[in-house]
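Student: Sequence:
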Amino acid sequence: MTVLRIGNASGFYGDRFDAMREMLTGGELDVLTGDYLAELTMLILGRDRLKDPGAGYARTFLRQLEECLGLAHERGVRIVTNAGGLNPAGLADAVRELAGRLGIPARVAHVEGDDLTAAHPGCLAAHAYLGGFGIAACLREGADIVVTGRVTDAALVTGPAAAHFGWGPGDHDRLAGAVVAGHVLECGTQATGGNYSFFRDGDVHRPGFPIAEIEADGTAVITKHPGTGGFVDVGTVTAQLLYETGGARYAGPDVTARLDTVRLTQDGPDRVRVEGVRGEAPPSDLKVGLNRLGGFRNEVTFVLTGLDVDAKAELVRRQMAGALAKTPPAEVRWDLVRTDRPDAATEETASALLRLVVRDPDQETVGRPVSGAAIELALASYPGFHVLAPPGRGAPYGVFEAEYVPRDEVPHTAVLHDGRRVPVAAPDGTRALAPVDAPPLPEALPPGPTRRAPLGLVAGARSGDKGGDANVGVWARTDEGWRWLAHELTADRFRELVPESRTLPVTRHVLPGLRALNFVVEGVLGAGVAAQHRFDPQAKALGEWLRSRHLDLPEALL
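Our numbering numbers the first residue of the sequence shown as 265 and each following residue consecutively.
Keep in mind that the hints were calculated from the coordinates and are not lab data.
The reader is advised that the hints may include incorrect statements.
[Unchecked claim] Computed cross-link-like contacts, BS3-like style, restricted to lysine-lysine with a CA-CA straight-line distance of at most 30 Å:
1. LYS551 with LYS804
2. LYS730 with LYS804
3. LYS730 with LYS551
4. LYS315 with LYS551
5. LYS315 with LYS730
Here the structure is a predicted model, which is why all the values come from computation and not from measurement.
Take these sequences, add in the hints, and give me the full structure.
Tutor: Put into structure tokens, the structure is as follows:
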């Protein structure tokens with residue numbers, strides 16, 4: 265069978281609006297996908313649904329489709345998206361109404377069964393991560409547009425590939441290849457130079473969106489439309505492969521892909537071949553993402569300028585202590601961020617930030633008692649008193665948790681364009697997850713002169729969040745760099761370089777085929793992104809901070 269060209273036009277809810285048009289007009293495509301969901305998005309959609317039971321899906325997709333449905337129809341491009349969020353049936357109906365109003369024939373199907381909220385009282389949203397075979401069933405029956413709720417991001421690719429090539433649940437290696445391709449595509453321009461450590465290697469002013477050319481055996485080539493910005497090379501693909509992953513076994517509902525078998529080769533300008541991926545039977549349970557309101561938070565950031573910063577910070581803490589003691593919030597956190605410089609040329613660079621964050625189940629506790637006390641200090645505290653923004657009444661924050669349920673508790677169902685409901689069978693075989701044996705490390709570099717310099721001179725990194733955990737993938741650009749990195753950057757050295765991880769579990773996973781190490785730091789993000797636990801709540805820049813830390817680098821690598 266021919267190669268299947270699958271493009272991506274969205275990596276998150278709020279991505280570049282005109283990407284759908286760009287992808288439909290920029291070159292040949294068979295399927296166009298859009299990923300709109302993240303853990304935080306599910307919470308946002310859950311709050312939308314509280315106000316309007318008919319809401320719960322990504323409205324941006326409808327506006328994009330209004331401009332582009334005719335283009336997709338003319339070019340014969342099928343569209344697969346998880347923009348259905350918490351209400352895939354509602355979005356499917358809205359797409360049908362749109363198609364009728366525009367006079368464009370479109371067979372619209374959707375996938376459901378992921379919504380387990382009713383079984384989890386107190387949650388705004390509880391959704392199982394489904395695989396791609398519901399999508400495949402819709403496409404095999406002739407759907408032009410398939411809308412899903414919470415599926416794995418990679419399912420947007422495995423579903424069309426399974427439908428096109430006739431794969432079944434036992435085609436583990438083929439499915440694993442599609443999972444890896446889907447993982448590369450899912451975050452859009454992160455595969456084409458966006459958010460890339462070595463962004464200066466190409467022009468990333470406006471990166472194009474990625475495409476996977478998938479073959480019948482699961483091999484894929486990652487590329488982009490000709491003439492679009494950004495670039496695709498082994499580094500950009502490596503970076504995205506490491507994003508939000510853990511060990512060598514990357515588990516999903518369709519298959520467990522072995523990341524330690526992936527081989528990447530440059531296949532021409534802006535073309536990277538992904539091959540050799542092995543797959544195993546998936547686990548017997550499905551992951552369920554639970555989103556609930558955790559309480560209320562308030563924040564005040566005091567600006568401390570010039571001299572005596574530590575003394576000024578201590579004065580504010582003592583002055584606020586009385587107000588906080590009257591109705592004590594459940595959590596009080598102070599952080600002094602020393603952004604100031606001595607003899608600074610601007611007032612801003614002469615200033616440090618003292619950040620107060622309070623949390624409590626009761627909005628009133630973190631509202632006026634905190635805000636009022638902070639504002640009352642305006643004429644009665646340290647010299648130069650001001651804050652970044654007026655404190656508010658206290659805003660709700662969310663908490664993300666994950667649990668696992670048996671597959672037979674999740675009624676995965678394809679709702680076809682003609683209204684027929686088709687149950688999606690669970691895979692015949694499953695395999696419990698277990699760590700892989702540690703692979704042998706490369707031979708260490710011979711001793712030689714070193715220079716104190718940033719890690720980022722020889723290694724790239726990409727980091728992200730999974731609930732309360734963060735992962736940091738680090739890879740070397742050369743074989744010699746890998747020989748040094750594999751021995752130097754141990755879990756203990758990582759803890760030294762990232763002090764906030766010193767009291768947390770840190771697991772190092774070794775992926776020699778990618779010349780990469782993947783570190784998982786448990787609990788560093790607290791209750792997840794919506795809880796705003798740390799300065800960088802999704803750990804997006806944690807890898808870049810690590811690259812900026814200084815080590816003794818072999819001069820042979822510099």
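Student: Tell me the numbers of any earlier hints that the structure contravenes, in ascending order.
Tutor: none
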